[in-house]
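Turn these sequences into a full structure, and let the hints guide you.
Chains A and B, in that order, are what the protein sequence lines are. One point on numbering: in this note's numbering, the residue at position 59 of the first sequence is 59, and numbering is uninterrupted. One point on numbering: in this note's numbering, the residue at position 24 of the second sequence is 1024, and numbering is uninterrupted.
Read the hints as simulated data drawn from the structure, not as lab findings. Heads up, some of the hints might be wrong.
Stated by the list, open to error - Computed cross-link-like contacts, EDC-like style, restricted to lysine to aspartate or glutamate with a CA-CA straight-line distance of at most 20 Å:
1. B/K1042 <-> A/D38
2. A/K40 <-> B/E1039
3. A/K41 <-> B/E1002
4. A/K41 <-> B/D1084
5. A/K41 <-> B/E1005
6. A/K44 <-> B/D1094
7. B/K1101 <-> A/D38
8. B/K1042 <-> A/E24
9. B/K1068 <-> B/D1049
10. A/K36 <-> B/E1005
11. A/K36 <-> B/E1039
12. A/K9 <-> A/E24
13. A/K36 <-> B/E1002
14. A/K41 <-> B/E1039
15. B/K1071 <-> B/E1002
16. B/K1058 <-> B/E1079
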Amino acid sequence: DTAVSQTPKYLVTQMGNDKSIKCEQNLGHDTMYWYKQDSKKFLKIMFSYNNKELIINETVPNRFSPKSPDKAHLNLHINSLELGDSAVYFCASSHRGQIYGYTFGSGTRLTVV
Amino acid sequence: GENVEQHPSTLSVQEGDSAVIKCTYSDSASNYFPWYKQELGKGPQLIIDIRSNVGEKKDQRIAVTLNKTAKHFSLHITETQPEDSAVYFCAATDVETSYDKVIFGPGTSLSVIP
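Printed below as a string of structure tokens:
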């Protein structure tokens, strides 16, 4: 199926651990994003890559490090997890210029205990 | 940078009635205004969008209007159905210079009562 797929869907981990979330899109899009959705449903952009190049890097703790091995994949690695990192993380992709808007993945619910 | 406000935060309507969600944006350079619908446990899904060279766009029961002078845009849903119940997000961006940095409003939780 054509889609943006994220793994894992749920992630429960202890404070201080390091974890990664993976994202893949097979839509042929050239731009990928990470968004964080907090408990009040607010969506905030974190990072964006266009053809493997970092183009948006918002004010995010440097414990968060994105990596794009190719334009179909964008992973998010988080070091030294904190309670406040608990949220739903969405990957999205698009054609540059928002020709058809974003296609979002189904999200990764991260719970730090 | 861009800031998008959205009202109301919650909205309940009877099935068959209309629902209207209003948004304002701050950056006059913004030229692309999408609307997303997020159902429980899912990612947001684009339902309609409008670009700054158009004042109104309609797709079946959904319409969006844009007033660039006032920096307002609105979503109108007619003949609402229970499956329209979801969180709706408006958003704005300048696709030419902002590297597709789409800024979302805080969302409106719509409940359609059968």
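Comparing the hints with the structure gives:
no.: 1; hint: B/K1042 <-> A/D38; verdict: holds (14 Å)
no.: 2; hint: A/K40 <-> B/E1039; verdict: holds (15 Å)
no.: 3; hint: A/K41 <-> B/E1002; verdict: holds (19 Å)
no.: 4; hint: A/K41 <-> B/D1084; verdict: holds (18 Å)
no.: 5; hint: A/K41 <-> B/E1005; verdict: holds (14 Å)
no.: 6; hint: A/K44 <-> B/D1094; verdict: holds (17 Å)
no.: 7; hint: B/K1101 <-> A/D38; verdict: holds (18 Å)
no.: 8; hint: B/K1042 <-> A/E24; verdict: holds (17 Å)
no.: 9; hint: B/K1068 <-> B/D1049; verdict: holds (14 Å)
no.: 10; hint: A/K36 <-> B/E1005; verdict: holds (18 Å)
no.: 11; hint: A/K36 <-> B/E1039; verdict: holds (17 Å)
no.: 12; hint: A/K9 <-> A/E24; verdict: holds (13 Å)
no.: 13; hint: A/K36 <-> B/E1002; verdict: holds (18 Å)
no.: 14; hint: A/K41 <-> B/E1039; verdict: holds (12 Å)
no.: 15; hint: B/K1071 <-> B/E1002; verdict: holds (12 Å)
no.: 16; hint: B/K1058 <-> B/E1079; verdict: holds (14 Å)
The structure agrees with every numbered hint stated previously.
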